[in-house]
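Kindly produce the complete structure, drawing on both the sequences and the hints.
Protein chains in written order, with the working numbering: chain A, 1 to 181; chain B, 1001 to 1256; chain C, 2001 to 2477.
I should point out that these hints are in silico values taken from the structure, not numbers from a laboratory.
This structure is a prediction, so every number in the text was calculated from the model and none was measured.
Some clues are possibly wrong.
[Claimed, not checked] Partial selection, computed: residues in chain C whose CB lies under 7 Å from chain A: (1) Y2014; (2) E2066; (3) W2184; (4) P2353; (5) T2394.
Positions of the beta carbon are idealized from the N, C-alpha and C atoms, including for glycine.
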Amino acid sequence: MSNGETGNKPAMRIALMAVLTAVVVVFTLLVRVPTPIKGYISLCDVVIVFSAYLFGPWVAAIAGGLGTGIADVIGGYAQWAPLSFLIHGLQGLLIAIIARSPVKGNVAADSPLIRLVIAGVVGMIVMAGGYYLAGGFLYGFEAALVEIPLNLMQSGVGVVLGIIVSRSVLKAYPPVRSLAL
Amino acid sequence: MTSGTFIAGRGMLYLFDARAKLLTVLALCVMVFLPLRPLGLWVLVAATVLGAWHATGLRQALQPLRAILFLLVIMILFTPLTYRDGSAVLRVGSFVLATREALENLNVLVARFMGITYLCTLFIWTTPMADINLAFRWYGLSYKAALVFTLAFRFIPSIAESFVMIQDSHALRTSEQQEISRGTVHLTDIVPTVTSALVVALKSIPYLAMSLEHRGLGRRERRTSYRRLVARGGLFTHFLLSVMIPTVFFLVFNTI
Amino acid sequence: MKHMIEVRDLSFSYREYSGSQRLRPLLSALDLTVKEGERMLILGPPDSGKSTLSRILCALVPRHAEGELSGVIRIAGEDLVATEPWELTRAISLVTQNPQEQLMMTTCADEIAFPLESLGTDRDTIIRRVDRALETWGLTELAEVNPQELSGGERKRLLLAVTDAIDAPVWIMDEPFDDLDELWRARLMDHLTNAARTVLVFASRYLDEFRGSFDAYGRIHDRRISFGAEERIVIDFERESEQLFTAFEEPGNIDAQRRLAARDLTIIHARRSASSAQPFRLRVEDFHIDSGEVVALVGPNGAGKSTLSRVLCGLDPCEEGSLTVDGERVNQKQLQVRVGYLFQNPDYGIFLPSVREEIGWSLRRRKDLSPQERERMIIDCAALFHLDPDENPTMMSYGGRKHLQAAVYHVLDRPFVIIDELDSGVTYAAAFEIVALLRSRGAAVVVITHDRTFAKNLAERQYRIIDGRVVETEVGS
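This is the structure in structure tokens:
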């Protein structure tokens, strides 16, 4: 009797989504890196990229969307929550789909670097573009332009760190693979 | 980190059923994009700010304004500069600073943005998270999705706490003096801290899955519910209100 | 009489992620029979497989932990091979050692209601049972409070309340008396003895409350369980886990006498807690530690032991007063590189794939070391703490991770080290060794504990926190 492969583990999926959502919330609100331009940028994208590289499209979409949405609500930007849910959800979903490894038993993080980077860049475009459009409708396209470089930088940092961190986590905590499959 | 968003206060808003309240907020948020007179938008802003003031006090009521101040300044600076059509009202020498149309546009954008901000904020301040969750379920959200939401709130405080401890633990492991300030991660320490934080969080996942299954998630019986929403005075009355408020508002202030 | 738990020839190995071995055996050829209505106590040192066995009995392992299981397990006559964990909710309840692992909801009432909702219990019955369970375990006031804001003891009581509300015929309890104060230990013992249910309790310390309270006694050793009369089991168990204290060696030559002293400190800590909205104040009139000393810091849960420690190692500021090292005032940053702090959870510091890299990371900025010297230091340090340099730290046993945590500070050679709750989760012998190794280079060691026996046998001096004041008291009082 060995542990059966996932299949029949609905609780596992729920647990994965819930914990990673909470990690995204914490990284959005708590972990900040100083930047010269606008004070701080958040590291939520690192977790979204990480989730996409390791746990696939659905977990990444829920963790990214729900996590940033909840963070907006807690952080006092409730009006952004539905938009963050859609934008970061789509970001996670697309990164995971593009980066997905064709080899059975591999996670996306095992894919060639170039593939991870391409996926990450698509994620950056979705994120920065999504906020530009959303911002345009909410408070005018002129003001929304200001945020594009900041968002590109934040999501770019997310891709670079996401690649490094997903590899270091795979090494430091090998059972993560059994969570991912 | 506190993960609660509910603020205990007074007033009708707390008695408004979460399901009907959610509908009202959504309807009003959509309505601000319809052709309305700017006066109408400002009436909405005033109503929501006063509502927040009444419910939670002035100090608290001004907090959302502080949160969007930065954006408001950018809007005021950039919108007139980039919106060039129309008749000039402000100029420096021959350079047009702002046109009438740009200012009118700015007026609408600012009122709309403030209105949406206060609507959403009021909703989450006056509705307990458990009720919001029940309202989503009433509108058809699956139990499992609602459960992910609840579980995420369970884990936010403990992950935040462990993150602070991890930062501290790494700070104490350096062999020389280093600048350390709470809430700020230095570039060289990002990878170690983030890796530890993720590993600690990931390690809790199998335990959570075990606990969910041990407590019966997956059983064939229909789940019963301990909590439920109770609309005082009947749910119909509440929904009637939530339809009437946006409708009346629109009838009074529309420009069609 | 019916057999409620029946285990024949059980073997279990965890999957290994490093080294040449593929599997790490934990239990082998283990037999266990618990009859209906029987109360059984099984003693076993930390990391001997108690928690794993209790999860195996609930069909949770190897489902959620990679490993191999063989043997026959029957719960109330049902073979576990064909059973999913959720099918056992009505039959068996587990209380795990660390309450955090089992808590899922955002209010205490919801936590108790969750399994009843799963069982399809009607709403009126749920409300009644939730109220009764809250009352029995002294949590009525906390019904709407987030379990994350509770103290360790309150969390344990909440899990007992959940278990009570389900009212399953079989209870498996992993160190249930941990975290509970004397009053609640007695209540729990009462509760276990007066109800007609089958109870299997695992413990790593033999407590006075246990004497004569169980129908059967066993201990885990050599990967299986042996049974016998209470006295025999306890004597063998205590001998094996070396809980009989050995004399504590004096440290070798200490190069320099150093002193960390705190005078007239006031620490104010904004505390977010269910039970008190008041900010927390701690007064320290005179606290000092000298090279080579072992000092105990004791006090009840929530007294401020960790708060004081965080100030002493420079993580938190103090409101007023002075902190000095060797008579000179030091600021927070200076304290951070002089005072080590071993958090209770060793995982906070772990992030690298091998013990070698983990220990070496602390030396990475030491420009004065050649690569050979550095490697020598790492290997020596690992050997001293019985660590395999190639092992994966995250996957080591709890005791192994505690040793690694200590090794990291040993290699940093901090003159002062504070250790938080060292005695929980490792044997006394292992805890003693860790303190001895840290002290061997002349470090002054502060040990935070609420175990009187441990403090008495280990420490030369003791500080106690009473009502927000830190005072020096007799050791072991």
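Tested hints:
{"no.": "1", "hint": "Y2014", "in the structure": "violated (10 Å)"}
{"no.": "2", "hint": "E2066", "in the structure": "holds (6 Å)"}
{"no.": "3", "hint": "W2184", "in the structure": "violated (30 Å)"}
{"no.": "4", "hint": "P2353", "in the structure": "holds (4 Å)"}
{"no.": "5", "hint": "T2394", "in the structure": "holds (5 Å)"}
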